[in-house]
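Chains as they are written, first to last, in the working numbering: chain A, 1 to 113; chain B, 1001 to 1112.
Please note that a few of the clues may not be correct.
[What the hints assert, rightly or not] Each pair of labels, with its calculated beta carbon distance range:
hint: 1; chain 1: A; residue 1: GLU14; chain 2: B; residue 2: GLN1041; range: 29 to 39 Å
hint: 2; chain 1: A; residue 1: ASN54; chain 2: B; residue 2: THR1080; range: 24 to 34 Å
hint: 3; chain 1: B; residue 1: THR1014; chain 2: A; residue 2: ILE39; range: 39 to 49 Å
hint: 4; chain 1: B; residue 1: GLU1082; chain 2: A; residue 2: SER9; range: 28 to 38 Å
[Stated by the list, open to error] Some chain B residues judged to face chain A by a derived CB distance under 10 Å, without partners named:
hint: 5; residue: GLY1003
hint: 6; residue: HIS1029
hint: 7; residue: SER1031
hint: 8; residue: GLN1037
hint: 9; residue: PHE1064
hint: 10; residue: GLU1100
hint: 11; residue: PHE1103
hint: 12; residue: GLN1105
hint: 13; residue: LEU1109
Keep in mind that the hints were calculated from the coordinates and are not lab data. Here a beta-carbon is modelled for each residue, glycine too, at the ideal position from N, C-alpha and C.
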Amino acid sequence: DAKTTQPTSMDCAEGRAANLPCNHSTISGNEYVYWYRQIHSQGPQYIIHGLKNNETNEMASLIITEDRKSSTLILPHATLRDTAVYYCIVRGGGGTSYGKLTFGQGTILTVHP
Amino acid sequence: KAGVTQTPRYLIKTRGQQVTLSCSPISGHRSVSWYQQTPGQGLQFLFEYFSETQRNKGNFPGRFSGRQFSNSRSEMNVSTLELGDSALYLCASSLVTGAEAFFGQGTRLTVV
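Chain A extracted, bound-state conformation (with noise of 0.2 Å):
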């Protein structure tokens, strides 16, 4: 699978958009983005996966380059709960390794009052 490289660190005020940035350049045609967090002390939570198109859900948008070189989590209206560390995961579209979640450091996203 793709290596990801994401910033150790973010900051965000309450209420306004925390925008997550990840690089994956060595990702190959067939291989997802997967964003995932994860509270202290509990288990990872999804949160929007895509392939090449943007995404949105009720939890987020996800949008990638046109070169799927990179892409960006966005949390519309951040609140104190969206506290957490974020992952962007480059899974394999198949193989052996497809049923597998390799997870990097993440980011740590504060969301101050």
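Guided by the hints, dock chain B onto chain A, whose structure is given.
Just chain B now, kept in the frame of chain A:
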């Protein structure tokens, strides 16, 4: 619907003992994966089961094993526990292999 259930939530074992952790996936999900999380190594993949067959295995010693039952429930076993096995063990279930995974709250294992 009910989420992924892991039992027990907390466990304390002595070095050299063995331990079995249990995971009940979301109803209808047939894929179960296990992960270990430690402060030093982060979240690491242990193995994945689908329809009672191990499909993928991470880079862990043979002391770590697992199985899946016909009802998709899964167990993982760690034999001859070492202090370094102290970790949060997380189970995730998916409808099928490769679909989005939903995690349980984890089992916190402490080896003393």
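The hints, checked one at a time:
1. A/GLU14 x B/GLN1041: 29 to 39 Å: 33 Å, holds
2. A/ASN54 x B/THR1080: 24 to 34 Å: 49 Å, violated
3. B/THR1014 x A/ILE39: 39 to 49 Å: 31 Å, violated
4. B/GLU1082 x A/SER9: 28 to 38 Å: 32 Å, holds
5. GLY1003: Constraint on B/GLY1003 satisfied, holds at 9 Å.
6. HIS1029: 12 Å, violated
7. SER1031: Interface hint status for B/SER1031: holds (6 Å vs cutoff 10 Å).
8. GLN1037: 9 Å, holds
9. PHE1064: 15 Å, violated
10. GLU1100: 5 Å, holds
11. PHE1103: 3 Å, holds
12. GLN1105: Hint holds; B/GLN1105 Cβ to chain A Cβ min 5 Å, cut 10 Å.
13. LEU1109: With a minimum Cβ separation of about 14 Å from chain A (threshold 10 Å), the hint on B/LEU1109 is violated.
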